[in-house]
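Start from chain A and add chain B according to the hints.
2 protein chains.
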Amino acid sequence: MKLKRGLVQVYTGNGKGKTTAAWGQAMRASGQGLRVAIIQFFKGKGSGEVKIAKKLNLKVHSFCPVHPFFGGKKKRLEKECQEGLTFAKKTIMSKKYDLIILDEINIALRDRLIEINEVLDLIKKKPKGVELILTGRGAPKKIIETANLVTEMREINHPYKKGIKGRRGIEY
Amino acid sequence: MKLKRGLVQVYTGNGKGKTTAAWGQAMRASGQGLRVAIIQFFKGKGSGEVKIAKKLNLKVHSFCPVHPFFGGKKKRLEKECQEGLTFAKKTIMSKKYDLIILDEINIALRDRLIEINEVLDLIKKKPKGVELILTGRGAPKKIIETANLVTEMREINHPYKKGIKGRRGIEY
Chain A
1 MKLKRGLVQV YTGNGKGKTT AAWGQAMRAS GQGLRVAIIQ FFKGKGSGEV
51 KIAKKLNLKV HSFCPVHPFF GGKKKRLEKE CQEGLTFAKK TIMSKKYDLI
101 ILDEINIALR DRLIEINEVL DLIKKKPKGV ELILTGRGAP KKIIETANLV
151 TEMREINHPY KKGIKGRRGI EY
Chain B
1 MKLKRGLVQV YTGNGKGKTT AAWGQAMRAS GQGLRVAIIQ FFKGKGSGEV
51 KIAKKLNLKV HSFCPVHPFF GGKKKRLEKE CQEGLTFAKK TIMSKKYDLI
101 ILDEINIALR DRLIEINEVL DLIKKKPKGV ELILTGRGAP KKIIETANLV
151 TEMREINHPY KKGIKGRRGI EY
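As you go down the protein sequences, you meet chains A and B in turn. Taking the working numbering, I'd label the letters of the first sequence as residues 1 to 172. Taking the working numbering, I'd label the letters of the second sequence as residues 1 to 172.
Just so you know, these hints were derived from the structure itself, not from any lab. Note that the Cβ used here is the ideal one computed from N, Cα and C, for glycine as well. Hints may contain errors.
Said to hold, decoys possible - Using C-beta positions, here's what the derived DEER-type ranges look like:
1. B:Lys54 to A:Thr86: 35 to 43 Å
2. A:Gly129 to B:Pro127: 41 to 49 Å
3. A:Phe87 to B:Glu171: 26 to 34 Å
4. A:Lys125 to B:Leu120: 24 to 32 Å
5. A:Glu83 to B:Leu56: 28 to 36 Å
6. B:Gly44 to A:Glu171: 29 to 37 Å
Said to hold, decoys possible - Some chain B residues near chain A, calculated using beta-carbon distances under 10 Å:
7. Lys4
8. Ala21
9. Met27
10. Gly48
11. Val50
12. Asn117
13. Asn148
14. Glu155
15. Arg168
16. Ile170
17. Glu171
Excised from the complex, chain A in its bound form (with noise of 0.2 Å):
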C-alpha cells in the first residue's frame, strides 16, 4: 500500500460539493500515483467526471442507478445497493486501491436500503492503508462518530440560484 495510514472521510450536508470534491480527491490522488477506484450509487452514466475518469484511468463502478427520490421500487433498491456493498467490500479488502470512494453511499444508509453495521464492520476490517470517502447527505450519526474526517457541505441559501438546474458540465 502507498499510504502509511488511509483515514475514513465523509462529505455529507445539503451544500453542493460532495461529489465533487471525491472526484477532485480522485483526481489528485492519481496525480500523485495512488490508485483509485470509485463505486457509484444512484448514478446515471454521462456525467463530465466519467468521461474524464476514463481518460485518466480510474476505475468507475456504478449500482443501483434509480435514485430513491425518483421512485424505485425499495425491494429492487435494496438488492441493487447491497450488490453495490459487496462489490464495495471486495474492492477494499483486495488491496489493489490506495483511495475507494463510495459516492452517496450515505443515501443508501439514510434510507436503510443497506444495513450501517455492514458499513462499520468494513471500515473496521479494512486494510490499513486505505483510504475511504463515504458522500452523500444524511449520513447517520454512527458514521460520522466512526469517520476520522467529517466535512459538513452546507449550503447558504441563495435567491438567485433558484431555477437553474442540471447544467451540462456544472451539475453533471
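Okay, now just chain B, sitting in the frame of chain A:
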C-alpha cells in the same frame, strides 16, 4: 460561450473539500467539453491535481506562492496577489473559457491583499456565459451576498484527525 448562464459559486468555511470540490468541478466541466482555467493563489508546485491538469489540458496559473500564514512580506504579497487578479480579469473577459476557478482568492480578500471592490466589479462585468468559482476560507460577506451559490464546508471536529497532515495524494 457554451453555458447559457454562468453563475458565481463560492466554496468557503474551515472544512476540507473547498479546493478539491473546485478541481472536481474542473474535471467534470472538462469532461463535458467546457474550457477551464484555474488561477491559484498561495499554492506551491507539485500537487497531484496540477500533475493531472497537464494530462487533461487544463490551464493552471499560479500567483503569490507564499501563503500569508507562512509570513511573506505584506507589500510583496499584495503585489503578487494583484498580479493574479489582473490576470484573472484578463482571462475572464477574454471569453476563451467557460469555467474559471479563482482558488483561494477568498484568503487574499480576507487578508485585504486585494481590493474587494475590484472583485465585486469583476463579478458584475463578467461575460454572461462564464461560470466563476471562488474558493478559500473566510469569504467576505459582500462576496457571499453577491454569489449565486455558496457552500460552507464545515469541519465536524474529530479527535482521530489530529496529528495527521499533508499526505501526498490526499492533502496535496
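Okay, the hints, checked on the actual structure:
1. B:Lys54 to A:Thr86: 35 to 43 Å: Distance hint for Lys54 of chain B, Thr86 of chain A holds at roughly 37 Å.
2. A:Gly129 to B:Pro127: 41 to 49 Å: holds, 46 Å
3. A:Phe87 to B:Glu171: 26 to 34 Å: For Phe87 of chain A and Glu171 of chain B the Cβ distance comes to about 28 Å; the hint holds.
4. A:Lys125 to B:Leu120: 24 to 32 Å: violated, 51 Å
5. A:Glu83 to B:Leu56: 28 to 36 Å: At roughly 31 Å between Cβ atoms, Leu56 of chain B and Glu83 of chain A fall inside 28 to 36 Å, so the hint holds.
6. B:Gly44 to A:Glu171: 29 to 37 Å: holds, 31 Å
7. Lys4: holds, 8 Å
8. Ala21: For Ala21 of chain B, the interface hint holds, since the closest Cβ of chain A sits about 4 Å away, which is under 10 Å.
9. Met27: Met27 of chain B check passes; min Cβ-Cβ to chain A is 5 Å, inside 10 Å.
10. Gly48: holds, 3 Å
11. Val50: holds, 7 Å
12. Asn117: Since chain A brings no Cβ nearer than about 20 Å to Asn117 of chain B, farther than 10 Å, the hint is violated.
13. Asn148: holds, 4 Å
14. Glu155: Since the shortest Cβ distance to chain A is 6 Å, the answer is holds.
15. Arg168: holds, 5 Å
16. Ile170: Holds, because the Cβ-Cβ distance from Ile170 of chain B to chain A comes to roughly 6 Å (cut-off 10 Å).
17. Glu171: holds, 9 Å
Violated hints, listed in ascending order, are 4, 12; each of the other numbered hints is respected by the structure.
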